[in-house]
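Going down the list, the protein sequences come from chains A and B.
FYI, our numbering numbers position 152 of the first sequence as 135, with every residue one higher than the one before it.
FYI, our numbering numbers position 19 of the second sequence as 35, with every residue one higher than the one before it.
Mixed in with the good hints, there may be bad ones.
Said to hold, decoys possible - With a straight-line cut-off of 30 Å between C-alpha atoms, the simulated DSS-like cross-links for lysine-lysine are:
| # | chain 1 | residue 1 | chain 2 | residue 2 |
| --- | --- | --- | --- | --- |
| 1 | B | Lys155 | B | Lys213 |
| 2 | B | Lys294 | A | Lys86 |
| 3 | B | Lys147 | A | Lys30 |
Unchecked claim - Which stretches of chain A does chain B cover? Using the computed rule of at least three CB atoms under 8 Å from a CB of chain B, they are:
| # | segment |
| --- | --- |
| 4 | 11 to 17 |
| 5 | 30 to 36 |
| 6 | 149 to 159 |
| 7 | 164 to 172 |
| 8 | 197 to 209 |
Hints were generated in silico from the structure; no laboratory data involved.
Bear in mind that the values here come from a model prediction, so they are computed numbers and not experimental data.
Just so it is clear, CB atoms sit at the ideal spot from N, CA and C, and this is done for glycine as well.
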Amino acid sequence: MGKYIAKRIGYMALVFLIVSFLMYSLYNLIPTDPARAELEAQKMSLKPAEYEQMYQQLRQKMGLDDPLVVRYMRWMGLWPDVDGSGFNGLLQGNFGYSQFFKKDVVDVISAPMGNTIFINIFSTILALGITIPLGIYCAVHKGRKIDNGVQVVTMLGYSLPIYIIALIFMFFFCVHWRIFPISGTKTAGAIYATRWDEFIDMLYHITLPVIVMTFASLGGMTRYVRSAMIDALSMDYIRTARAKGLKEKVVIYSHAWRNALLPIITSIIGWFISIFSGSVIIENTFSLNGMGKLYWTGLNNLDFELVLAIQMFYTIVSLVGSLLMDISYGLVDPRVRVDK
Amino acid sequence: MKKLLSVLLAIALLASMSVVAFAENTASEKGTIIYGTSTEIGGDFAPGAWWTNNATDKMIRDMTNDYAVTTTDQGGQYIINPTICANLDSVVNDDGSKTYTVTINEGLVYNNGEAITAKDFVWPMIFSCSKVATDTGAKLTGYLTYVGGQDYYDGNATAVSGIRLIDDYTYSVTIVADKIPYFYDLAYVADMPFSLKYWLGEGLDVKDDGEGAYIAGDFTADAISKQLEFARFNAGEDRVSAGPYNLVEFDKAALQATFTINQNYAGNFEGQKPSIEKIVILRAEDATWADQLKTGAFNFYDTITDGDDINNAMDIVEAGGFGYTTFDRPGYGMINFQCDFGPTQFKAVRHAIAKLLDRNEFANTFCKGWGSVVNGPYGTGLWQFQDAEEWLELSLNTYEYDPNGAVELLVNDGWVYDETGADWTEGHIRHKKVTAAEAGNYVHNVTLADGTILMPLIIEWSSSDGNPVSELLNVMLAQGEQTAAAGMQINQNVMTFTELLNYYYRDASQGDKYAVPTYGMYNLASNFTPAYDQSYEWTLDPDMIAQGYNLNRLLNESLDALSMNMVYGVESDDVDTYMTYWKAFIMLWNNELPQIPLYSNVYMTVYPDWLEGYEQDSFWDFNQAILYCTVAE
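The following block holds chain B by itself, in its conformation from the complex (with noise of 0.2 Å):
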């Protein structure tokens, strides 16, 4: 046994030195990106989220096909991508419809050398409004997009009479008028090639017989699902696709990817083309990615966003070997109000409650000073708060901390009795006279003798399990002395957050007590895309409220007017309106304050010093920034 024992422990000792000169070598190589991410890889490399939303395997996706005729830049402004469209017109038809019509370059190809033409473009959009895709379970809406699309989904056309091949290198798409004019149209025709061929196989071909674009051959789930499948999950040389990178390998046993320069790519909306030779990309764990930082199991982290490792990734750039950038957030964490019950409803609780919060203070502790305060649904990421941010500062109320002007703004409302109804005092909860209707079924109710209906300032807050930022509002909200000296209780009630999401919601489908309105209060938190939507976001059709629509149930004519408007009634290139619409918005909103901003991050990236011009923003990834880096001498 002693010479069983001896051999293994000799054989696992020899293993281990033999490779360790090996694999340093290979890990720390100069010119190499090792990528460290906290979402693990999932592995489908499909485009455009057709299965799944990894947003790792999202970056990877854009790491290898980046040939949209629009796209965003380092603003995030939606813009043509010139090295791809030659030309763009567009047309408002009678029907209230509009009309693109694209020509790509000639001379574009894949990462195989083979043509690009206007095909490639266009089968994924015919994909997008096929039955065939829902059958093969790929989440695509195309269909309740292009003019004509329902039809063929619905099998009563065998073309998509909206979608048009012109020509070897043009093609037009028309948009059904419901969703025009739209700010952001240039989102519709963010169009990308891909292989028909490396897609869904041989003996498909994309035709137009005058009444509309359609994919001929045997197309049909069964004939193309084995296909399809290869291609998503597909890694490695024969991988098609038209990006600054080849994904050259994925190991799945390792949950590793590994990319080369795509020597066929032609540039970026710039004519910009990566010099960085290869990347490899691997899962960063939570509680140690500082030591796999430091012994090198990868060289590059990105968007660290709690202050804490922020703090610790800068002792790590201190020590040397490291540079590092900063950018913020475009989104920011807050105070979800619901407000129609309870004291919530009222807007001078809600604007109480914001005065009670020393919220500078809250970010700053946090983000471990790596944040700020924002005072509207924005980020400080945000273009439209780069573009109105004096403004923003001189009109916007900041909701400074004021327990005196939060009491001040309760009694004004009427929140002056105890639960007897005789006059506040002192150690006791206010509440405030209100009529049946503002009553509602409210558990905390109080009716007197006389029939009174007094409500207590008591706030139900469902907070979930594990979050830190609960935790802090617990200490400085609702168990912070102004609050009750301020006659307002707060009900911490933490739950998981499918729980929290199900009362959020009012999900009677997952049970009767869901659908009885229980919290009027909720920390969340946000992002926002490059499109500033926030349409049906403030509706006030009782229907789409049901259906998960205007959670905050403020029902404000204005605010759903101007949250309409602001994208759906302004063409693309009208920023101006677009801007006057969107402050018009904020200052609503930051008027009646369904929510209350709590604090937005900076975030942080960690890059090897020996990376040169890496710049990293909001809206702008690591996929596209790479891009512009070399390597020092």
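Chain A on its own, in the form it takes in the complex (with noise of 0.2 Å):
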């Protein structure tokens, strides 16, 4: 197993590389000039000879002038920085400089990436205690009234598009009943007493995101749990359990379900790793500060190290995320040796 997981690391070292490189290439090649962009603001304050002399020692400063090669390499932290001062890129944990927020990318990352992560548990383990219950309850009530008004109401939360769900339940959670509160993560201008009611204030807050979320989510992984269930019940082991006069419990559960995760569990573990994710539609929408409108604004600003940043962060989170799914198989499934 330790030499299966360390060739894998390998692997994921040059696919990063490869990914990296190819990000990188793809940024640069859209035809933006970051150092006029930073000047345009002072350009009316400045003349013209003053204005030239700025625009050429930020061209300097920002090692736009090198090759694309030299460029990448010195993001990565395999060419020394433009001042001569040494390694310094992702390499030496360096993530890069926002050009758009003008503070390391670390920074700016750390507190929508909380609020992500916060948001993104609530609904994942919401999401997977109502879908997998209500597959596996589909899945063994098959053809009966109850399955054929989930199979109705997944299709629909299935088809329809999250910003359309969100602004349905926003209407009536928030404008109509006025229920829960339209944006943000706290109440405005709320001092609060404790840490407790600062974490109540924004639970309160994504509720109705978290439910939004949940609903959206519904329909994909109800219908898979189902269809993986109804697969595992025809098999003919679940006959001869019945045969033996097992419990209908442990038939479904200990028989059914164990060989119907197999294909389910590709899908929960993307899940627990899209935590880190942000939903570039529901942020904008709720005026959540999280991952996805970070990256929704580093891409409008072309702050491309901060795009890049998230990207490459995501890269190593997939690359994770996909080793963690085959040991999965290992440990779900004895008859796969993750180790062969």
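Dock the two chains into a complex; use the hints.
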């Protein structure tokens, strides 16, 4: 197992390097001049010669005149910095500098990441808590009215774009019934007596986004679980188990569910990994300061170091996630040997 | 599993319900302004856009620091701030430079009670001249403005000779000769005090040994960076500032800033102090701002620009609970021509395009009634416009919608041929015989067998994607029957705004194709600052044009001279001469028509109905207007 993991980590490093180079090159294909953008606001207060002097200084400082490979290697930390101060890139733990926020990317990301994880943990637990039992129940009661009803509802949730669901829920829960706040993660101007009050206020604010995210994800997973369970329940060993006189609960949860889990495990682990990634639509609709919104802001403002850092983070998370999935196959299904 | 699900749902429900009452009370509290901003708070509260230029951050800076020696009044005119400045003398030196000697009032203090002295005004100027500032990433260019600044920046001097610390309450600054005279020269002394200890840390001091002022101590980027970074992003009781409000909290996770009144504030230039106790700034989403306003997520929404949004806001106001104010935009949206190639190099073509577009209808449709048409490079919110409104109305060509007049202009200018060189007939694109110089490399040119070059009346238009102005312009002008009937073809080319700018700037550094003149027409928008300064924007110098000045590429000596003289040829107190230049400039511009102004919006701000005395204007923003407000009984 250890050897297998070590080999996989080696592959992951290689994939990471390839992806990073591709991403860096792609962003550099976008025809934009960061130095010009940086100086544009000051242009009116500068005389032409002053502007040109500053522009050239800035281009040099940003290393914009160097070839793409040099810039990439510098960004990765495999080439000395522009000022010759040594290697200071991704490999040295420097995730870059946000040109839009004018501070280190790590500092920019920390608060939105916290919000995103906070929201996604609730959403993921709630969604899995509903979809797995519901999928099993529908599979066991296949063809009955309740199963048909759930199929219709989940198909609806699956088909509706999340922004439509968000706006409908927002209208009823926020505007019409005034149950939940419409935006943000904090009551305006609130001063909290304790951290608990702050936590509760945040929970109150994220309840509706969590409900929307949960509702939108119900369809896919419920149908997936149902389908896997129906396959498992049709197997011969289930008939054998029932013939042995085992209780129906044991048949469903010990025999059918364990076998149905194998195709589902990929999605479940994927969901847990996705707690790091924000939803651009949900966060923008509910004005939540999360990773999706930050990513959107970065793209809109051509803040490539920020966007690249976020994407590299997700690349690592995806690579680690795929390793975890493979390992989990072996844990769930003894027939699979991951070290072979 | 069912139990787990039930528990989770119950927790969520209980948590939600338990805070409903608490949250509603806080959000709708009378006397608290909850300001919804469409620009997210960036969190960088350093003075004067030293690093970043986020609009909401700027407003926050202005709310917490406004002890400038000179400032702008309700109309956007520069004035001396008597609350801060006891005396301001100026003298033009023999070498053409100008020295301002400033004496500040005694007794001014920061929000923490510490006294403000001349040193607090002087160190930011020295900092702006230093290499240290550049090393910390600050975009400061004071070294280009103050005498001796460049030497100090280059390391050839240990002090800035043009900045002098005279005594505890007096200092002087000398502005380099090539920036004098300048009509807005009071802006050169719009200095503000900042606590040296708070911004740069302990152990530093401002000194003047007779050769100029300097910062004594370990004044290096390494030594000050940590404190500087803390000072930029810090919010709380320990933030030292000198403005009407204190930034008592900035919640980075919620992106929410909270302000309370600075009890040590001496007042603005009219001595006005705030009475609204608490202000909270948070994000308003473009798609849901109306619901946010209705449900009390915020109770103040500033500068609504879109006509549909304004009409929505009017509905909310009519439903009750809110008041509103409207004001003119200090700028305008326009069609921008590049005048050095293709058909748009000919004035008659530019005039004809103006006459083919019903601008009144356009402005009315686009602004939904909340806007008007201007006929020159100004907005209806500018004081210059208000001073000269009658003259502008009588003197400028308004380019009324007149397709027949447009055709007449084209015919008189020689656009009378079809693509074969025969007389133009309906259903064809007009062509004009041009010289080789006029023809340039315009892609649509036709060369006849006898060598005659015909330029077709095809205008390539670059417009940014997702732009409602472009969509309306396409319908009303490019696809308009009158345009085709006049023998003109306008091709809309939709691209990203970045791509558009590359073509507009002809930025070869981004690719060779951008350096080739391709699009003769763009649609853009512009806003003015209180300092209406068009200098260099009409330069004839090819090097400057290559750098990004005179992007219209209209080479007109008179226009260049007028735009320069208007600001660099007039003393700041000579408004009459300034207005003479301004009118001549506007008149010539209106005739040359490098742009077609399309609309100048009316903006709207919605505020809670308990707020009394709120009056906003083009250059009189929330942070200034709120000082005059009270809570209705």
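Status of the hints after comparison with the structure:
1. B:Lys155 to B:Lys213: Roughly 21 Å between the alpha carbons, so the hint for B:Lys155 and B:Lys213 holds.
2. B:Lys294 to A:Lys86: Distance of about 29 Å is within 30 Å: holds.
3. B:Lys147 to A:Lys30: Holds, at roughly 20 Å.
4. 11 to 17: holds (count 4)
5. 30 to 36: holds (count 5)
6. 149 to 159: Per the Cβ count (4), the hint holds.
7. 164 to 172: holds (count 9)
8. 197 to 209: Contact hint for the segment 197 to 209 of chain A vs chain B: violated, 0 residues under 8 Å.
Violated hint: 8 only; the structure is consistent with all others.
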